[in-house]
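Line by line, the protein sequences give chains A and B.
Take the first sequence: its position 28, counted from the start at 1, is 28 in my numbering, and no numbers get skipped.
Take the second sequence: its position 24, counted from the start at 1, is 24 in my numbering, and no numbers get skipped.
It is worth saying that the hints were derived from the structure and are not from the lab.
Treat the hints with care, since some could be wrong.
Pairs involving identical chains hold if they fit within one copy or between any two copies, as the list cannot separate such chains.
Result set (EDC-like, lysine to aspartate or glutamate): computed pairs, CA atoms no more than 20 Å apart in a straight line [what the hints assert, rightly or not]:
hint, residue 1, residue 2
1, Lys349, Asp124
2, Lys220, Glu390
3, Lys27, Asp370
4, Lys187, Asp176
5, Lys209, Asp370
6, Lys326, Asp370
7, Lys241, Asp223
8, Lys191, Glu227
9, Lys187, Asp285
10, Lys187, Glu390
11, Lys403, Asp176
12, Lys20, Glu49
13, Lys278, Glu322
14, Lys187, Asp174
15, Lys249, Glu376
16, Lys220, Asp32
Residue-level listing of the chains:
Protein chains: 2
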Amino acid sequence: MAIIVQKYGGTSVGDVERIKKVAERIKSYRDDGHQMVVVVSARSGVTNELIARAEAITPLPSEREMDQLLAVGEQETIALTAIALQAIGVPAISYTGAQAGILTDKAHTKARIHSIDATRLKTDLNAGNVIILAGFQGISPEGQTTTLGRGGSDLSAIAIASAIKADKCEIYTDVDGVYTADPRIVKTARKIEEISYDEMLELASAGSKVMQNRSVEFAKKYDVVFEVRSSFNYNPGTIVKEEVASMEKVVVRGVAVDKNQSKVVITNLADKPGSAAKVFRALADAHIVVDMIVQNAGSNGVANLTFTAPANEVSKATRALEPVLKELGGSISSQDQVAKLSVVGVGMKTHSGVAATLFQSLADSGVNIDLISTSEIKITVSIAQAKADEAARAVHTAFGLDKA
Amino acid sequence: MAIIVQKYGGTSVGDVERIKKVAERIKSYRDDGHQMVVVVSARSGVTNELIARAEAITPLPSEREMDQLLAVGEQETIALTAIALQAIGVPAISYTGAQAGILTDKAHTKARIHSIDATRLKTDLNAGNVIILAGFQGISPEGQTTTLGRGGSDLSAIAIASAIKADKCEIYTDVDGVYTADPRIVKTARKIEEISYDEMLELASAGSKVMQNRSVEFAKKYDVVFEVRSSFNYNPGTIVKEEVASMEKVVVRGVAVDKNQSKVVITNLADKPGSAAKVFRALADAHIVVDMIVQNAGSNGVANLTFTAPANEVSKATRALEPVLKELGGSISSQDQVAKLSVVGVGMKTHSGVAATLFQSLADSGVNIDLISTSEIKITVSIAQAKADEAARAVHTAFGLDKA
Chain A
1 MAIIVQKYGG
11 TSVGDVERIK
21 KVAERIKSYR
31 DDGHQMVVVV
41 SARSGVTNEL
51 IARAEAITPL
61 PSEREMDQLL
71 AVGEQETIAL
81 TAIALQAIGV
91 PAISYTGAQA
101 GILTDKAHTK
111 ARIHSIDATR
121 LKTDLNAGNV
131 IILAGFQGIS
141 PEGQTTTLGR
151 GGSDLSAIAI
161 ASAIKADKCE
171 IYTDVDGVYT
181 ADPRIVKTAR
191 KIEEISYDEM
201 LELASAGSKV
211 MQNRSVEFAK
221 KYDVVFEVRS
231 SFNYNPGTIV
241 KEEVASMEKV
251 VVRGVAVDKN
261 QSKVVITNLA
271 DKPGSAAKVF
281 RALADAHIVV
291 DMIVQNAGSN
301 GVANLTFTAP
311 ANEVSKATRA
321 LEPVLKELGG
331 SISSQDQVAK
341 LSVVGVGMKT
351 HSGVAATLFQ
361 SLADSGVNID
371 LISTSEIKIT
381 VSIAQAKADE
391 AARAVHTAFG
401 LDKA
Chain B
1 MAIIVQKYGG
11 TSVGDVERIK
21 KVAERIKSYR
31 DDGHQMVVVV
41 SARSGVTNEL
51 IARAEAITPL
61 PSEREMDQLL
71 AVGEQETIAL
81 TAIALQAIGV
91 PAISYTGAQA
101 GILTDKAHTK
111 ARIHSIDATR
121 LKTDLNAGNV
131 IILAGFQGIS
141 PEGQTTTLGR
151 GGSDLSAIAI
161 ASAIKADKCE
171 IYTDVDGVYT
181 ADPRIVKTAR
191 KIEEISYDEM
201 LELASAGSKV
211 MQNRSVEFAK
221 KYDVVFEVRS
231 SFNYNPGTIV
241 KEEVASMEKV
251 VVRGVAVDKN
261 QSKVVITNLA
271 DKPGSAAKVF
281 RALADAHIVV
291 DMIVQNAGSN
301 GVANLTFTAP
311 ANEVSKATRA
321 LEPVLKELGG
331 SISSQDQVAK
341 LSVVGVGMKT
351 HSGVAATLFQ
361 SLADSGVNID
371 LISTSEIKIT
381 VSIAQAKADE
391 AARAVHTAFG
401 LDKA
């Protein structure tokens, strides 16, 4: 007898047949005596269709009207899901974001949840109804429809779980959970049973994206334990929660590879205070996400600055840096076919030798290391893209992550 | 400088190109200095698609969830229409029924408008915005999404026109207005410039359906003058308003024909108080709309009762009457291929001889009259379906309705 929040993504509710399957799954939980609040996304493809219609009118539709438009996708799914539950004898009531009292700020298309008044939802829940809640949307203090941006439905689920003090929060996706490595590359990869918020965040930023970071950060902030699992089977998934002492026994939780990187090198940059700031301000203004940064102070008053960025953003980065280099001197060059390989684990905080093990296993595989960067629970190296898969397998074995 | 409410139906906003055309039309009015409130329907076909999806889950989806589902159609159109206006430089804001404060009762799928709190809408309107309002939908006192049933968008337009005391209300459809007869049958039919609410209602119930009667009744009750016109050209349409003295100069406003009728005859029904009531209660319970009713009291304590009904409802009517006839005696027979022909005009109240002229013109055309029924401003006869077109032309000419 628990209060359970479940979230189903666009693929899980992609058509009427899948919606019926989701309804059966919800029913099986309710038959076990649980109170259910279910967050659903728009059917996969619907949001893109709506965007395409708006962009057929004008390339830059207003954000207020885009929110009014996009909220339609989830509103359709909640009604169909509630109907599917009623059809198999389960009382269900659908809620739009506004009806559920999900109050946001007024930043259209990327609103932040401010508070949730779940009074009415709780009343309907306690009366024995399954609540079907539209993900991704809310209402501003002025009564406008708002949407939460990418990953918004996960955020809705975690926020409502926090608001109603749910006992469990399950995020259903098309993967079985979080793995020690990408199973398509590393055949011996295992599903991780439990992972800390910080490890999940670091794995995501290292290229293993199961969820948007903002949802994980929100869960961490409000201490919402959640499980990532598949809607296509009944296998247990991965539980994401606050770090506990036992987690530190595992030195490395997982290995992540991002093969879609390029390296940008600026040579002979004027070596004076503010140079680096100007470079990265220009990149930030162009909305380019820069990851590894290495600077070698040179002689003769010049320095070399290197960073990695997604491969498809390098030309944009080069353009953005032109005026800066005109001012500071220096020349720019880039190299594609670069991969990032990261090992992540809260155990690193208390175990030494992780870097040594990593570097040794790469050396044993004949993989040359280019850049190195570290955080408290992550070590990342950049290597040649062609060697990335082989390196991931070697590192996975070296840290004892292979299946028993 | 007037406040104008316009309503565009599903065909007028059927795709992105048509929505852009509607935006251009709205702009032309605004450029003339008018304040514009525009009610739009769902794109044609969308509502049926949504219903089909729900019915693929269950044949009887709950009405509460159907309202949540169907409201999606108009919500998409309002956003796209607002975006199309903004794209041509016109400030526009979309409103769902709930956002516009259209408060209804809680009779899902057929809600009645209770009141409209247009405060916020008026503020946005006075600030120079075009308001795009979702037709067909409202909000119940409990905050539920409601829809108004068939013809609901017309009703939304007339209700908002009343609430904001609009100077004009234009209902755009795919016809040019109300005609003296169906132009496909009577080539000499003319567009009617002005018509009274009562004439419009009688023409509709006689088979010339341009709008649902409830919208016309609402307009009559709240004295909202409106114009029915085409969104595909700039021709003036037909103005519908309260009867004025000059209207009575025209004895017959129009001729309507409904060719899709059947006649049902019950013979040897027990002639005692309550017999007819039982017959028509059984028909009403089966939701069969009965029109002309004629009873001849016979001898020997039995009577004959005749009525007309839509042809496709005769077998349902026969089934519904079986238990009644078992109780009261009598036998039932039906005749299809029946047409109703009606002449309508407020002038009838003050002119005599309308019936004589009607019957004479039918006699001259060799058309036999079966049943006759009359109201204060309408005379209806039932005739053979095969003679209906010819009869309509003869009667149209006899009452001087042909084009000059």
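Consistency of the hints with the structure:
1. Lys349 x Asp124: neither (46 Å within a copy, 57 Å between copies)
2. Lys220 x Glu390: For Lys220 and Glu390, neither the intra-copy (34 Å) nor the inter-copy (80 Å) Cα distance is at most 20 Å.
3. Lys27 x Asp370: Cα proximity of Lys27 and Asp370: none, with 53 Å in one copy and 60 Å across.
4. Lys187 x Asp176: within (15 Å within a copy, 69 Å between copies)
5. Lys209 x Asp370: Answer is neither: 24 Å inside a copy and 77 Å across each miss the 20 Å cutoff.
6. Lys326 x Asp370: Neither: 28 Å inside a chain and 96 Å across chains, both beyond 20 Å.
7. Lys241 x Asp223: Within. Shortest intra-copy distance 7 Å satisfies the 20 Å Cα cut-off; inter-copy 64 Å does not.
8. Lys191 x Glu227: Within one copy only: 12 Å inside a chain, 67 Å across chains, cut-off 20 Å.
9. Lys187 x Asp285: For Lys187 and Asp285, neither the intra-copy (40 Å) nor the inter-copy (68 Å) Cα distance is at most 20 Å.
10. Lys187 x Glu390: Within. Shortest intra-copy distance 11 Å satisfies the 20 Å Cα cut-off; inter-copy 82 Å does not.
11. Lys403 x Asp176: within (16 Å within a copy, 75 Å between copies)
12. Lys20 x Glu49: Classified as between; 18 Å across copies, 23 Å inside a copy.
13. Lys278 x Glu322: Close inside one copy (12 Å), not across copies (90 Å); limit 20 Å.
14. Lys187 x Asp174: Within one copy, since 19 Å is at most 20 Å while 63 Å is not.
15. Lys249 x Glu376: Answer is within: at 16 Å inside a copy they meet the 20 Å cutoff, but 93 Å across does not.
16. Lys220 x Asp32: neither (29 Å within a copy, 56 Å between copies)
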